[in-house]
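Produce the complete structure using the sequences and hints provided.
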Amino acid sequence: MENTKLIVSYPPYTKSKDSIEKVMYTVVFALLPAVVAAVYFFGLRALALIFVCSISAIGFEYLINVFRKQEIACFDGSALVTGILLALNLPSNLPYWMAVLGSFVAIVVVKQLFGGLGFNVFNPALAARVFLLISFPVAMTIWPIPFSVDMQTAASPLGILKTEGLKAANSITLWQAFIGNVGGSLGETSALALLLGSVILFWKKYITWIIPVSFVGATLAFTGIFHYMEPLKYASPAFHFTCGGLLLGALFMATDMVTTPVSKRGQLIFGLGCGLLTGIIRLFGGYPEGVSFAILIMNAFVPLLDKWDNYSNGKKWRLTKMRSVIVLTCIGFFSAFLLYMTDNITKEPIKKAIERVKVEALRQIFPFEFSDKDINIAFDKNGKEFFEIKNKDNSLRGIAVETSSDKGYGGEITILVAVSPDGKVFNYNVLSHKETPGLGNKIENEAFKKQFNGKTLDGFNWKVKKDDGFVDELTAATISSRAATDAVKKGLEVISNKYFVENKK
Amino acid sequence: MTILTPILILSALTFILGLCILLASKKFHVKSDPLIDTVILMLPGANCGACGYPGCAQFAEILVKTRDTSKICPVGGNDLSYELGRILGIKMDDAKPLSCIVLCNGNKTTTKFLADYKGIHDCWAVKEILPSVKQCAYGCVGLGSCVEACKYDALKIVDGLIKVIEENCVGCGVCIGKCPQHVLKLTEKKVKKYHVACSSVDKGAITRKYCTNGCIGCMLCVKACKFDAVKVENFCAIIDDSKCVNCGLCAKVCPVKCIHLTEYAMASKKIAVKKTDDNCGGCEMPCSVKGLGEDGTLGY
Amino acid sequence: MKTFKCGGIHPDENKFTRHLSIETMPMPKLLAVPLIQHIGKPAALIVKLGEQVKKGQCIANADGFISASIHSPTSGKIKKIENHPHSGGKFVKTVFIESDGREEWAEGLNTDEIDFKKLSLEEKLKRIKDAGIVGMGGAGFPTHVKLSPPKDKKIDTLILNGAECEPYLTADHRLMLEKTDEILKGLSIIASFFPDGLKIYIGIENNKPDAIKLMNEKASPLGFEVVVLKPLYPQGGEKQLINAITKRTVGNGQLPFDVGCMVNNVATAYAVYEAVCKNKPLIERVLTVSGMAIKNKKNIKAPIGTMFSDIVDYCGGIASRTMNLLISGGPMMGKAQYSFDVPVIKTTSGILFIDEIKLAEKKERPCLRCGRCEEACSVNLKPWLLSNLAQKDVERTLEYGLNQCMECGSCAFVCPSKRDLVHWIKYAKVMNANIKAIGATERQ
Amino acid sequence: MNAWKEFNKGIIKENPVLVALLGLCPVLAVTTTVINGLGMGLATTFVLLGSNIVISVMGKFIPSKVRIPCYIVIIASFVTIVDLLIQAFSPALNKSLGIFIPLIVVNCIILGRAEAFASRNKLWHSILDALGMGIGFTLALFLLSAIREILGSGAIFNIAITGNISPILIFVLPPGAFAALGFIIAIVIYFTKKSAEKNKGAK
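If you read the sequences in order, they're chains A, B, C and D.
Residue 81 in the working numbering sits at position 81 of the first sequence, with consecutive numbering throughout.
Residue 130 in the working numbering sits at position 130 of the second sequence, with consecutive numbering throughout.
Residue 74 in the working numbering sits at position 74 of the third sequence, with consecutive numbering throughout.
Residue 102 in the working numbering sits at position 102 of the fourth sequence, with consecutive numbering throughout.
Hints listed in this document are in silico derivations from the structure and should not be mistaken for laboratory results.
Idealized CB from N, CA, C, for every residue including glycine.
Hints should not be assumed to be uniformly reliable.
[As the list claims (entries may be wrong)] Distance condition first, Cα-Cα at most 35 Å in a straight line; then the derived DSBU-like pairs of lysine-lysine: (1) B:K163 to C:K418; (2) A:K69 to C:K363; (3) B:K118 to C:K362.
[To be verified] Partial list, derived from the structure: chain D residues whose beta carbon lies under 8 Å from chain A: (4) V66; (5) S166; (6) I168; (7) L169; (8) I170.
The following block contains the structure:
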């Protein structure tokens, strides 16, 4: 019995069959549909590119292992996954040396310099893609069109959206984009292949469902809101779902275990953050594709998210506890949605109502009757609105204009002044004012308004009696009276500039 | 004349600002004893706590306030004490520099390994599942908890056993607490130093089974030592530093070669020793012949 | 089928010996009885070298409140008393008894069965204490201490733990099949310590259907309810079992009686029956001998103190030359041994002989932060964080619930990088205990 | 002769940029082309030399309470001299360096050397130290700008050399500057540590 050499280690002694190799090669297996789609759409050049990226990734990892005198771990699959993911992010006609440079940056700089597998902060493939995007902006933003023999190139759907606006981008049918028959990097185009590949990862629980769902959900919600606000200006969420790197990023990049938070709560915040940033960059940012930058930015927050979750004394948090936050965001979301819908519905009627009020006001200040048809709206040089009342024979019966004066006691007073064709004031009507009730608001009384009737601009000293003008101010509301007089005077001036000066010329 | 204006502006500006500095330096003057700062600068700054104080700053403060000559920084040793004495104007006692010794000699050749241990490389972690990686449950486990703790990298693992590098060891004693087997001990740094490299309390017969040069408690060394500096407590010999004169007789008689000599030429020259008339045979020549210093210290 | 709320893993069961009935092992020549086979202080020796002892005679008394007395498993002479390897991994003072083959019981012991209802509570507790009964599930907590909880704690639920979720082990399963009545009597003895109106459950995992059927027939007339549990490791843990059956959660730093529950192992109930009804001390126990590297796997009733080497000879010897793993207990919570002359003690629930090929080049890979250990942990901890902190800043591990960890091993089981999570957590516990101890000495 | 040591230490052993990590803002901002790098290096060396000379001469007279303002005034005047010279003699360099010439005033190297060295040592040593530090600074600038120009814009001294291979644009942008400087410093540390171990081992 003595010859048996017993090995002693600390319990437990049976371990699950899971290993790093199994995890990584399953991810590679999940990437196969995307690789097949890429080769189908972009030809053998795509396969060569993927091959170059993978081999150089593994090669660099091998060199680093030798240099750092570690045991050789370059065949544990993580280098292969990084290589393939990087290749799927590149246009198929990228020169090989750039792909090798990208692998170098991904493996040596982003992963090994930070300490190798498990210690890198940023997703290697993604950081390398951003490095290439910034270093070779030209080479990285022209995407060959699928099935094109002679490498014809065009901008990606998102590129078109960013440069030529929505009309051009709508030309691509959603189904084509979904299958992948549209310009873009190898892996981005066919959303179908990506979804197909990710099914195995979800089934074997190698990636969490929280990040992809919250990531895609947040992006669609964000772009959805803006799409509803201005359908002409912003593309529909479906467009954002199928085009660009959203699915590739959400399913394979954002779910890389090493660079994402460990806890569920951290992952939810991570996903939402990525979605939001992608939306912002895509709609308002400089680059058409926001997924890479969003994920890298959120990668930087991961230690913080972990620290925040760990700090809760390790209490396992279930989604229910996050209910308060989710409920709040939902309420915010729906109320915003509700407000938007009501605003949408009531936009027209409000406009009509304002018109009606204006017409009513016009009727009050003109001594003669006229029908709605007679009103004609004219604009002067700087876009000021004039209401002209026309006779049957199209001659001018009266002009009204909206002017305001901010010298009022309570603030701004806006009035609608009606003037006869020969420059005499008919009457005016106060549209809005904040004068003190009981004192300043007397400027709306007929008695005060009558004083202006028949006055012309140059014939009178448009001031209150106190400043030896013709207007006798309201008792204890001199400021309001002055403001009203000033507003009427302004109206007269504007009208006289438009109508009488032209006539005189 | 255009040259005049910049000169005027510049000098006016500097004048006013100079006044502000003068005012500020008067108002915000902080009284601090510059002596403490200089002492702090002189101390090694490792905050190792060997002097009994949590950090060098506290040590400096107390030293300057009390001017107590017995305060010693073992890391700095004699020359630092000498310097401190010169600055503080007092004669510091001789700092007895300490250094660490390992009371175990169970490396790969002398002892058999218990089992193929596959776990965390840390002495404390091993103790949870095994008495020790080696068959001797009392000796040094050899996985380096102490090596990590040592700031002066004075400890190194040599085929499964901790070896002390005398030059680097400053005697701060941080490693003593880090050893689960308590086989590290601080002793005075001497030119020649003997120590028993074993701490197994098993009976001799059992110790011999798992370690070729573990102490079997045969008492030969106790009989050989003329200064009764060696005594055996539960089957393991222990040398008392204060009495030992490093004559090396015990090492000669030890049947299992368990008493080891560490030589360190750089130790301070003054070594106190009692004069003995007859030749104890430890060092090569009789004491009377060797030039004994006036204060009875060996000359080498 | 009920189960606990969160965490848990599915190791493959390997219960090869579930159909083999219990065999009683012949008394070996030399027995090594260690003085510590339980949680608490080691027992104080009361016999001298060379003294003649009878079977069941007490050789070491319980020393202090939490301790248990030790009895001689056979009649014979005390051969030697020295430090000897112990299955817990440390050297422990062990009494070696050479059996004289007469198996002569000490007087007053091993009487035929008496009705436990006639005995008073104190009498029953004294018999359990004198018999040295400890929790046989693996912890080894003295039962007489457990049966006298603090006065203010009211116990309203008693659970018999027949879950046995550890792979390979089938001792409890066989015991439930072959000694059902004795176990139920033991359970009612335990129940008699608490006020009536006590709800009594028997938790059995679904992978033991025959035991469930048998227990149902025998237990329902006595008013005990059999609960079928989902086979999920660590279902057998106290906190998990209470949570599964009564939906109560034993919080951080709480004990089962804080939530009004009491959990006892099946083997403990059987030992209580034998102690109270037959006045027999705990000198033998049922354990499973299994694993690929042993010739024939068995469930055996072996006397306490039997050397593993004797059991190997009894079970036909080592099957494969490259066997490299000898475990005392289950593969999840048991401890690997480094030599064969280690004795069986009261808490040895099994001996496994495994030939693990991949164990030789087992190396720890970097943590992928995949979060599986967090999902597997049944007490809501973060093993990846605890093991990282244990290496960097040990004292902060206490903040993240280090002391709640019961080292069930689920996290290390699911870790794809095969990291020693449980070992680092145990390391953190030890270092924190040291720091506390040093702190205490400094304060004096 | 420790004078040589004073001069030599500035170049490699205590290189202000690569070892002491001083004055990094001009190093990162200006080194898009080699000409800029050299121009900046020489301008700073001139100012450093001038200020070291004046400060080491006047070292005793300046009371310690107002020493920093004095140093700054001295350095600032030298910087204005350099600024005027550059505007006079090479307007192109002035346009490309732009704000960074006046910024030399707050360059940590100059004030650092003045404070740590010039005010305490003799004139001759201060001059040597200034030259050593200046050349070390220029060397670092040259190294970094060479890398950034060759990789970033495929040219050297503004003459294109890489033909049709498109240059790696990131090196002309700030992230490239940080990365390149980081790598150079890493390599310097790696070699200094190695040589330190070698002669420690030898000892």
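- Message: Which constraints among the numbered hints does this structure fail? Numbers only, ascending.
- Response: 4
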